[in-house]
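Participant: For what it's worth, our numbering labels the leading residue of the sequence shown as 370, then goes sequentially.
Errors might be hidden in some of the hints.
In silico DSS-like pairs for lysine-lysine, Cα to Cα no more than 27 Å straight-line [unchecked claim]:
1) Lys-416 - Lys-382
2) Lys-404 - Lys-416
3) Lys-382 - Lys-404
Pair by pair, the computed Cβ-Cβ distance ranges are [said to hold, decoys possible]:
4) Asp-371 - Lys-416: 27 to 37 Å
5) Met-372 - Gly-420: 29 to 39 Å
6) Thr-373 - Glu-421: 24 to 34 Å
Derived from the structure by calculation, the hints contain no laboratory data.
Even glycine gets a Cβ: it sits at the ideal position worked out from N, Cα and C.
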Amino acid sequence: FDMTILLIEHDMKFVSGLCDEITVLNFGTVLAQGKTEDALSDPEVIKAYIGE
(Lines of atoms letter the chains of each structure in order from A; the text may use other names.)
(Lines give C-alpha, C1' and ligand atoms only; values in the text may rest on other atoms or scores of the structure.)
Protein backbone atom coordinates (compact mmCIF):
# COMPACT_ATOMS: atom_id res chain seq x y z
CA PHE A 370 0.00 0.00 0.00
CA ASP A 371 1.94 3.04 -1.24
CA MET A 372 0.82 6.43 -0.05
CA THR A 373 2.37 9.86 0.25
CA ILE A 374 1.09 12.17 2.97
CA LEU A 375 2.13 15.57 4.23
CA LEU A 376 2.44 15.36 7.99
CA ILE A 377 3.69 18.26 10.05
CA GLU A 378 4.53 16.83 13.45
CA HIS A 379 7.11 17.27 16.20
CA ASP A 380 6.41 14.01 18.05
CA MET A 381 9.22 11.91 16.62
CA LYS A 382 8.05 8.72 18.35
CA PHE A 383 4.70 9.08 16.55
CA VAL A 384 6.41 9.85 13.23
CA SER A 385 8.79 6.90 13.59
CA GLY A 386 5.89 4.53 14.14
CA LEU A 387 3.97 5.82 11.15
CA CYS A 388 6.51 6.63 8.44
CA ASP A 389 9.11 4.54 6.63
CA GLU A 390 10.72 7.61 5.05
CA ILE A 391 10.67 11.27 6.06
CA THR A 392 11.96 14.69 5.09
CA VAL A 393 13.16 16.85 7.97
CA LEU A 394 12.87 20.62 7.51
CA ASN A 395 14.28 23.48 9.56
CA PHE A 396 12.72 26.83 8.66
CA GLY A 397 11.93 25.52 5.17
CA THR A 398 15.39 24.09 4.50
CA VAL A 399 15.71 20.34 4.00
CA LEU A 400 18.12 18.93 6.59
CA ALA A 401 17.68 15.23 5.88
CA GLN A 402 15.59 12.96 3.71
CA GLY A 403 15.27 9.20 3.57
CA LYS A 404 14.65 6.31 5.93
CA THR A 405 13.19 7.60 9.19
CA GLU A 406 15.88 6.17 11.46
CA ASP A 407 18.65 7.55 9.23
CA ALA A 408 17.10 11.02 8.98
CA LEU A 409 16.49 11.29 12.73
CA SER A 410 20.08 10.30 13.51
CA ASP A 411 21.55 12.78 11.00
CA PRO A 412 23.97 15.18 12.76
CA GLU A 413 22.33 18.26 11.20
CA VAL A 414 18.91 17.17 12.44
CA ILE A 415 20.25 16.54 15.94
CA LYS A 416 22.02 19.91 15.95
CA ALA A 417 18.88 21.76 14.82
CA TYR A 418 16.41 20.06 17.14
CA ILE A 419 18.45 19.06 20.20
CA GLY A 420 21.47 21.36 20.07
CA GLU A 421 25.16 20.65 20.18
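Participant: Taking 29 to 39 Å as the stated bounds, is the beta-carbon spacing between Met-372 and Gly-420 within them?
Facilitator: For Gly-420 against Met-372, whose Cβ atoms are near 34 Å apart, the range 29 to 39 Å holds.
Participant: If I claimed the Cβ atoms of Thr-373 and Glu-421 lie 24 to 34 Å apart, would that claim hold in this structure?
Facilitator: holds, 33 Å
Participant: Would you check the hint for Lys-416 and Lys-382, treating anything up to 27 Å between C-alpha atoms as holding?
Facilitator: holds, 18 Å
Participant: So does Asp-371 sit 27 to 37 Å from Lys-416, Cβ to Cβ?
Facilitator: Holds, since Asp-371 and Lys-416 (Cβ atoms, about 32 Å apart) stay within the stated range.
Participant: Measure nothing beyond the straight line between the CA atoms of Lys-382 and Lys-404; if it is 27 Å or shorter, mark the hint as holding.
Facilitator: OK: Lys-382 and Lys-404 at ~14 Å, within 27 Å.
Participant: Compare the distance between the alpha carbons of Lys-404 and Lys-416 with 27 Å, and conclude whether the hinted pair is satisfied.
Facilitator: holds, 18 Å
Of the hints listed earlier, there is not a single one the structure fails to meet.
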